[in-house]
Amino acid sequence: MLDWLKSYRHPLKEAELSAYLDGRLSPDRSRRLEEHLRSCDPCRRRLADLRALAEALREMPEAPVSRSFALTPEQVRGVGQVRPYASVGRLYPVFRNAAAAALLLLFASVGADIFLQSGGGRDEPQATMMSAEKNVAVPGTESGAMADEEKGERQAFGENEATPATSTGGLVPPGVPLPAPPGTPLPGAESTPLLVLSPVALGTPLPGAGLTPLPELALTAPETPPAAEAARPAAAAEEEEDRVWLRALEGVLAGLALGFLAVALFVRVRSRRAGTPS
Amino acid sequence: MQDRTADEALLVARSKEGDLAAFNVLVETYQGRVYNLCLRMLASPEAAEDAAQEAFLAAYRNIDRFWGTAFRAWLLRIAVNACTDELRRRRRRPQVSLEAGPAAVDGPLEPPDRSASPEEWALRQEVSRHIQGGLIRLPYDQRAAVVLCDVQGLSYEEIAETLAVSVGTVKSRISRGRARLRRLLLEEAELLPGRFRHNIDDRDIEDGAGAPP
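Protein chains in written order, with my numbering: chain A, 7 to 284; chain B, -3 to 209.
Be careful, since some hints might not be right.
Said to hold, decoys possible - Estimated spans, in silico, between C-beta atoms of each pair:
| no. | chain 1 | residue 1 | chain 2 | residue 2 | range |
| --- | --- | --- | --- | --- | --- |
| 1 | A | Arg64 | B | Arg179 | 34 to 40 Å |
| 2 | A | Leu110 | B | Glu13 | 18 to 24 Å |
| 3 | A | Ala76 | B | Ala2 | 37 to 43 Å |
| 4 | B | Val161 | A | Glu68 | 24 to 30 Å |
What the hints assert, rightly or not - Here are some chain B residues the structure puts well away from chain A; computed CB gaps all over 10 Å:
| no. | residue |
| --- | --- |
| 5 | Asp(-1) |
| 6 | Val30 |
| 7 | Asp137 |
Hints in this document: simulated from the structure, not taken from any laboratory. C-beta: ideal position from N, C-alpha, C; glycine also.
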């Protein structure tokens, strides 16, 4: 309390007096200020000054309007011309939201696409495997091939998002082991030196080949079944068709999103230009 | 009051559809306030007329962008901006000085109150001229805050909305503006009528006291 009073000695904070004058000081601070004013003549006179000033400002005679400021049609003719754009400006949120909706749908379909490739693809080989089991009875090989295939798929998708056709072309039918020629490095085995790889791929493991990390290739490569095309199940074909549709949908949605966004921006820019900045 | 707000909302809605007559009703309602704000900000009747006209034109052009309920604050904001533009324009073409001094606002003023004597009226006129001379020497931000608060009688909140600043900023601009205005008026206190001179002997206390430079 005493500290506060000390700080309240001259120079007095002008802001406190001004706020007090407008009744904008908290009751507590008002009471303290009044306490101080009781014992401080200069502050009291200063407050009286401010009060007189505010009163004089309030009493400044209002100048009559010398003329009417009503707008004439001539004055707003230019406004009338740009008015369509100004009202089109109200459509901006519509287009913006449409673009957002298209983008959401696009994400959803991309999500579905990815799901079909990974999750959906996993269901499928089980079915195909049952039918293809007689031909290819090496489950380990299957899953290894599948893993590689998935990797390849994702890369293709990531790189060629805008051109679904190319990535569809790159699709390998599920359940079919990669027809990798011996010696061709698979995505998973890229870092393995070719010199070490080739003898393994040929199926002649060297006694000292323990240094070579066992690549799936050693198992996969010799398994390249020539009868893969024949074993391709109808379900896979259907799914591929689904994916083609999905890619087409993605393309359309991406186009819509971009289109809506472009229109929204156009509308906004035009409506901005229509009015003067205020 | 509610009726007025409802009418105003209707007029604004019709103005948005391009109804110039509806907008002109709003102009008639607010032109006195807008013109006087401009006059106090610019201290020149011609400049104030130009600024007020510009303000109404800008308001009509931009009425599409007004979505709130505080039309008056929105309009006054446009008027304050129009004053800024007018000031800038006149500084570029300095043949019309806005710093012409206290006598600049000498337009025909309202007839005196019936209650006031002619002497009292003359006194008020003189005080008003001095105050206008002080107002125009305030920094622009402080001038706008003081005019909106003390001359136009707006609340701190409405001023904050009009100037697009916080209430705290409004408070500080008003207090600094008043303090500076008081000092300015005291500097020429000899010219002032009685009630501003009553404590001229305090000048040593308050100068540079609380207000930041």
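Query raised in the report: For which of the previously enumerated hints does the structure constitute a violation, in increasing order of number?
Result: 1, 2, 3, 6
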